[in-house]
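Can you build the whole structure from these sequences, using the hints too?
Start counting the sequence shown at 1; every next residue gets the next number (my numbering).
Just so you know, these hints were derived from the structure itself, not from any lab. We put the beta carbon where it would ideally sit given N, CA and C, even for glycine. One or more of the hints may lead you astray.
In silico lysine-lysine, DSS-like type, Cα no more than 30 Å apart, as pairs [unchecked claim]:
1. K86 / K100
2. K32 / K5
3. K6 / K132
4. K33 / K132
5. K32 / K189
6. K100 / K132
Simulated restraints, written as ranges between beta carbons of each label pair [what the hints assert, rightly or not]:
7. G197 / D49: 35 to 45 Å
8. K131 / K5: 13 to 23 Å
9. K32 / L151: 19 to 29 Å
10. W142 / P85: 16 to 26 Å
11. D3 / T156: 13 to 23 Å
12. R88 / H62: 24 to 34 Å
13. E31 / V205: 18 to 28 Å
14. E198 / D3: 19 to 29 Å
15. K103 / R176: 27 to 37 Å
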Amino acid sequence: MFDPKKILILAPHPDDGELGLGGSIAKFCAEKKEVHYAGFSLCRKSLSDDFDDHTLENECKHAVRRLGMDTGKLMFYNFEVREFPKYRQEILEELVSLNKYIKPDLVFVPAASDDHQDHEVIHTEGLRAFKKSSVMGYEMPWNNRSFNTQLFIQLTEAQVQHKIDALAEYRSQTHRAYMEADFIRSLAKVRGVQSYGEYAEAFEVYRWIA
1 MFDPKKILIL APHPDDGELG LGGSIAKFCA EKKEVHYAGF SLCRKSLSDD
51 FDDHTLENEC KHAVRRLGMD TGKLMFYNFE VREFPKYRQE ILEELVSLNK
101 YIKPDLVFVP AASDDHQDHE VIHTEGLRAF KKSSVMGYEM PWNNRSFNTQ
151 LFIQLTEAQV QHKIDALAEY RSQTHRAYME ADFIRSLAKV RGVQSYGEYA
201 EAFEVYRWIA
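Here it is in structure tokens:
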């Protein structure tokens with residue numbers, strides 16, 4: 001049975017990691033795994049004038065604490081939101097550096113069918129940079145044209161609640177329907193039923209090294 005010790009979440013934007021696998025992050029942290037989280041944009045130009053430039057960075061720090069993560073393992077880059085294709089080579093070089101620094105056993109990236117341009121770059125370059133790691137894709141149904149539910153991580157009620165509580169820290173994003181607690185719980189319930197449990201998160205598997 002594969003039992004990764006070092007896990008790295010690649011999030012194009014703050015909140016992507018929590019949306020895609022917040023319950024699993026809570027589970028990994030409870031199991032004392034070494035969890036790292038890299039966010040690649042602070043999305044400053046997407047914020048309304050009501051929020052300062054560091055809003056999403058600070059919200060992400062509060063969110064991962066809710067999941068039990070050590071904020072010392074949270075890293076931010078400042079690539080311009082919606083312009084990742086322009087910086088593809090630079091992003092790849094940062095990912096290669098991350099691989100040398102962390103040497104993760106398991107890496108999570110956005111799903112292959114994610115149609116957001118920033119997510120596509122992190123997916124593609126993540127697979128390129130982490131060739132010696134297991135790599136799985138997390139789902140974001142509002143972006144995914146399709147999604148293959150190849151692996152499920154089953155969750156407890158408490159872990160789903162930790163995910164909901166973490167996402168509630170993103171006060172700048174409350175206008176987005178996918179941040180609503182009912183949506184988060186309902187998707188976890190659907191994936192739980194599919195995996196013959198109560199709650200779960202689903203993933204695509206791109207490389208599995210046991």
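Output the indices of the hints that this structure fails to meet, ascending.
none
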